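Asks: Okay, here's what each chain looks like letter by letter:
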Amino acid sequence: MKRQIPLIIVLTLGIVFFIQFFIPSQISTNIYQTTLQWEIVISAFAIVLAIGSLINHHMLKIQRRKPHWWNSIVTLIAMLVMALLGILGRVEGMESLGQLYRTLFLYVQAPMDSAMFAILAFYMASAAYRAFRARSQEAALLLISGFIIMLGVVPFGSLLWSKIPDIAEWIMMVPNMAAKRGILFGVGLGMTATSLKIILGIERSWLGGGGK
Amino acid sequence: MIFSTNPWVWVAAILTLCIFSFLYKENPFYRFAEHLFVGISAGYGVAVYWNNAIVPNLFVPLFQQHNWWFIIPGLLGMMFFFRFNQKTGWLILIPMAVLLGTGSGMSLAPTIQTNILKQMQSALADATNLKLGGWGLIWGIVTLFGVITTLSYFFFSREQKGLLRVSANIGVWFIMIGFGASFGNTVMGRISLLIGRVQFLLTDWIHIIK
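Just so you know, the protein sequences line up as chains W and R, in that order. Just so we're aligned: the first sequence equals residues 1 to 212 in my numbering. Just so we're aligned: the second sequence equals residues 1 to 210 in my numbering.
Don't take each hint at face value.
[Said to hold, decoys possible] Stretch-level coverage of chain R by chain W, calculated; a stretch enters the list once three of its residues show a Cβ under 8 angstroms from a Cβ in chain W:
| hint | segment |
| --- | --- |
| 1 | 114 to 128 |
| 2 | 161 to 168 |
| 3 | 180 to 188 |
| 4 | 199 to 205 |
[As the list claims (entries may be wrong)] Here are the simulated distance ranges between beta carbons:
| hint | chain 1 | residue 1 | chain 2 | residue 2 | range |
| --- | --- | --- | --- | --- | --- |
| 5 | W | Phe122 | R | Trp69 | 50 to 60 angstroms |
| 6 | W | Gln63 | R | Asn27 | 24 to 34 angstroms |
| 7 | R | Ile206 | W | Val81 | 25 to 35 angstroms |
| 8 | W | Ser25 | R | Lys161 | 45 to 55 angstroms |
| 9 | W | His57 | R | Leu137 | 51 to 61 angstroms |
| 10 | W | Leu159 | R | Gly162 | 41 to 51 angstroms |
| 11 | W | Val81 | R | Trp69 | 48 to 58 angstroms |
| 12 | W | Gln26 | R | Phe84 | 19 to 29 angstroms |
FYI, nobody ran anything at the bench for these hints, they're computed from the structure. If you're wondering where the values come from, they're calculated on a predicted model, not measured in any experiment. Where a beta carbon is used, it is the ideal one built from N, C-alpha and C, also for glycine.
Using the sequences and the hints given, assemble the complete structure.
Replies: This is how it looks when you write it as structure tokens:
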């Protein structure tokens, strides 16, 4: 029963909304739009699980005085402060909190976000050195293509040879496009197969152990 | 060297340096910045979901437009809270079933249309459009050839030997060039972020670059 009800819901809604795509009426479009809104609401509540898990993880670390536990206090306080400022900052009469929220975003979150991704440049360069050594024909192609694309988007590339940006563009538009199209094709087939398997109840991993 | 007088610029600069300190080795400053980043990002996510998903799609229809149908997604969403109780934990399968059912049903036809039919149509159109003429037409044919050989590499229904093997090997070349291009673009994206950060430190913080 605990597994049957969700499976019936998936089958019914899956078939209804697959058919809905082919019905060009205003009512059908309205149902589609409303359901999209409902989906946004339902999935927004799912963030509660993620936040609950994050709080649980850090509370356990603090309670058990695990190494560097004080950093968990930083995470919890930062999360609470940012969430409250973001929510209360929209309330009338509390606009100053909204201003602080935006400042924290601009001077704390955004710089750390770019810095985190920027340090990846160093790790990618060192990983590339190990992975890109042209030990086979395929690795050599990867190396050459990546190198030309990198040179093609900086002024130094055109200083070396004026045709490099054109070659980089050709790589993007011809062989890269061919590979991406082929992969997209496969992704499309995979998504279609997975959707069908979910609707028909063949794919049941999402039921997890909850239904047992 | 004139330092900025804006305390927030100092905060951003110090946090940036804390994160860059990881390049030397893991240290307490990096760990502090990392935990702060996780907390701030999670809090930001909560606020964004609240302001952009819950308020306009639930509170406004429910309390301002008195559209009582919207109690249903609210209740379905709240069913996720059952996860915190072992006995009622299975009930979260119901909102999940609604999301999966509607999501799968809604995406089925558009996926076939955009990922399969449109891709096929564009690949064929570029290879058969005589108006392009000259190199345009040749590159269109090369692209179509690349798509077919790439697909043949992923064809596992029969053993890859003979013509299929040759085609799959050519497909691997196209895939490798594609991956190299993606890698090059990703590296350049990261480098431009790094330049942005260094520029911030030298321009906004210590005013070396004017």
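Asks: Each hint: holds or not?
Replies: Hints, verified against the model:
no., hint, in the structure
1, 114 to 128, "holds (count 7)"
2, 161 to 168, "violated (count 0)"
3, 180 to 188, "holds (count 9)"
4, 199 to 205, "violated (count 1)"
5, W:Phe122 with R:Trp69: 50 to 60 angstroms, "holds (53 angstroms)"
6, W:Gln63 with R:Asn27: 24 to 34 angstroms, "holds (25 angstroms)"
7, R:Ile206 with W:Val81: 25 to 35 angstroms, "holds (29 angstroms)"
8, W:Ser25 with R:Lys161: 45 to 55 angstroms, "holds (52 angstroms)"
9, W:His57 with R:Leu137: 51 to 61 angstroms, "holds (58 angstroms)"
10, W:Leu159 with R:Gly162: 41 to 51 angstroms, "holds (47 angstroms)"
11, W:Val81 with R:Trp69: 48 to 58 angstroms, "violated (36 angstroms)"
12, W:Gln26 with R:Phe84: 19 to 29 angstroms, "violated (41 angstroms)"
Going down the numbered hints, you'll see the structure goes against 2, 4, 11 and 12, while the others check out.
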